[in-house]
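Undergrad: Got chain L sorted already, so can you dock chain R onto it with the hints?
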Amino acid sequence: MLTACGGATQPVPANNGGAAGSGQALQINGAGATFPNPIYSKWFAEYNKLHPEIRINYQSIGSGGGIQQLTNQTVFFGATDGPMNDEQLKAAPGPILHLPTVLGAVVPVYNIPGLTDELKFTGPVLADIYLGKIKKWNDPALAKLNPGAKLPATDVTVVHRSDGSGTTYIFVDYLSKVSPEFKSQVGVNTSVKWPAGVGGKGNEGVSGLVTQTPGSIGYVELIYALQSKIAFGSVQNAAGEFVKASENAVTRAADSAAATMPPDFRVSITNAPGAGAYPISSFTWILLYEDPKDKASGKAMVDFMRWALTDGQKYCADLGYAPLPAAVIMLEQAALARIKVS
Amino acid sequence: MRSPDLGFRLGIGVFAAALVAIVAGIGAVLANDSWLSLQRFGLNFWRTSNWDPVAGEFGALPFIWGTLYSSVLALLIATPVALGIAVFISELCPQWLRAPLIFLTELLAAIPSIVYGLWGIFVLVPVVRAVELTMPESLRALPLFSGPPFGVGMLAAALILAIMVVPFTSAVAREVLKTVPMTQREAAYALGATRFEAIRAAIFFARTGIIGAVMLGFGRALGETMAVTMVIGNNPQVALSLFAPQYTMAAVIANEFTEAANALYLSALIEIGLVLFIITLLVNILSRGLIWSMARQVPVRTAAA
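Protein chains in written order, with our numbering: chain L, 1 to 342; chain R, 1001 to 1305.
Hints in this document: simulated from the structure, not taken from any laboratory. Some hints could be false.
Derived lysine to aspartate or glutamate pairs resembling EDC-like cross-links, with alpha carbons at most 20 Å apart [said to hold, decoys possible]:
{"id": "1", "chain 1": "L", "residue 1": "Lys193", "chain 2": "R", "residue 2": "Asp1052"}
{"id": "2", "chain 1": "L", "residue 1": "Lys90", "chain 2": "L", "residue 2": "Glu290"}
{"id": "3", "chain 1": "L", "residue 1": "Lys193", "chain 2": "R", "residue 2": "Glu1057"}
{"id": "4", "chain 1": "L", "residue 1": "Lys183", "chain 2": "R", "residue 2": "Asp1052"}
Reference excerpt, derived from the structure (chain L facing chain R, CB under 8 Å, subset only) [claimed, not checked]:
{"id": "5", "residue": "Gln68"}
{"id": "6", "residue": "Gln88"}
{"id": "7", "residue": "Asp155"}
{"id": "8", "residue": "Thr157"}
{"id": "9", "residue": "Asp163"}
{"id": "10", "residue": "Ser165"}
{"id": "11", "residue": "Val186"}
{"id": "12", "residue": "Val198"}
{"id": "13", "residue": "Lys201"}
{"id": "14", "residue": "Gly205"}
In this text, a Cβ means the ideal position worked out from N, Cα and C, and glycines have one as well.
Bound conformation, chain L alone:
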């Protein structure tokens, strides 16, 4: 028996004649991060084909909006690129579970006319560029990392995101870990006070500015850089290797985090230890109440999550996301059992 509860979910009449017997379909509403929207849309569509009685409706309004709406219980689940902080968790009416779904990464893109070599960066060098301390491309710090490259004596134009975004969160989270000065001067948030440069709106705004401005550097999501075929540099990881971002390198970063995963999954995997790990990587999470008021929707969401963590992961490659490592999936299966659905 299905019951409507709290306005977040309602039983709607099934218009699918094929789903004989059940008579009613269940609609579940969610809202949150824009970064995982392509794969979530794919998942919800595919899952609906398998289970026509369940329709999951997702609005990609941004992580902040997702957290807000989940807290106000206007949606059944939320989604975020940066974990909720303690203050936000306290503001919610009940305990909230973070469930990693896929992985993303942020890559440094640049535009230096005449440069054919791929540039290498370290965390502290990226931090100094974004602090406005490295002003020229032929700065000794950059030249030392890229001995063969012909670096021009031109100004570095720093491009960052102007809109609040999970991409910025991941990037500044990494820079704050590797540079104490960046941490104290800028800090970590979805929007920060940038000491230098210009802001572009969205990945397309940043990449537009970078491709248009000779001598510029920006940061975009790995998927976006791959899809729009923008060149990006490699970044030195905690083990000292220069790693170019790839799905494999991102999953490696998550793998090394699995060993020390906190029980609530609120973990930052930037600057992860371990060989081959790309340092500017992150989980993206779906947020669910541990004790949902609407048990029917709760059960449907748990079933969906089990599917997304197993069969669903195969859609990652096509859409440019990095799949979760097996160790993390195992931990999550256990966590899903904690959700009270009866």
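TA: Chain R in isolation, oriented as in the chain L frame:
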């Protein structure tokens, strides 16, 4: 009074009252939702320049400056162009060219602002950068043209705003010029006026309406969001330089609202909305006052002016 009349009066009275209620309601909701920020920062919100979401410090001065500066610049660029178009269409244009010209200016108004923004990034900004790069050093030393040549910045924003404002201002100015009685022009010619003098007389006759058209454009420039945020560089600073990346109130709300998860941060963004609301209100009141004071003058100096 007969009952249909009474019903009619009551009916339209309700509509008129609804308008007042909506404006008052918007103001009240903005003030209420920005209460946290109003209490915390008070008048300093208008005076300080530090916008730091991590530290929870919010000052709106760079956004207020950027909004007013970009809108005034856009107005300076757009007004002569828009009036030129309006005068040409209403006074000088051959009949066969009139309809296509009107259609083209109206087409400019129908283009979505995100399209203007993309055009700005890919076409206008490189042109602006080229201009900045070729500017002689002696001029670059002036505060108005200082800073590195990013391409994005105040100049690009003002230019794109001007293009967006032109169709509105010119359409209203054209309609206003159409209302100038033919006898006015004929009288000017009868007194031996040249064509230029006759047109000047018509413009003088229509001046209050033309100022209204200009203020309509200004109001639109104040609130324009998407196209501006894509080319202005989004860097909150109070700078005189046309080349400096700056920021506007509407842009910061659009950029940061969706990801603002903390109560004070949200409240500060809503207060930006309140500030924009107040400034728009003030601009409208001022322009009303200007039109009112001009309308009181009797236009006797037409030919002698």
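Undergrad: Against this structure, judge whether each hint is valid.
TA: Right, here's what the structure says about each hint:
no.	hint	verdict
1	Lys193(L) - Asp1052(R)	holds, 5 Å
2	Lys90(L) - Glu290(L)	holds, 14 Å
3	Lys193(L) - Glu1057(R)	holds, 10 Å
4	Lys183(L) - Asp1052(R)	holds, 13 Å
5	Gln68	holds, 6 Å
6	Gln88	holds, 6 Å
7	Asp155	holds, 6 Å
8	Thr157	holds, 6 Å
9	Asp163	holds, 4 Å
10	Ser165	holds, 6 Å
11	Val186	holds, 7 Å
12	Val198	holds, 4 Å
13	Lys201	holds, 5 Å
14	Gly205	holds, 6 Å
Every hint, counting from the list given before, is met by this structure.
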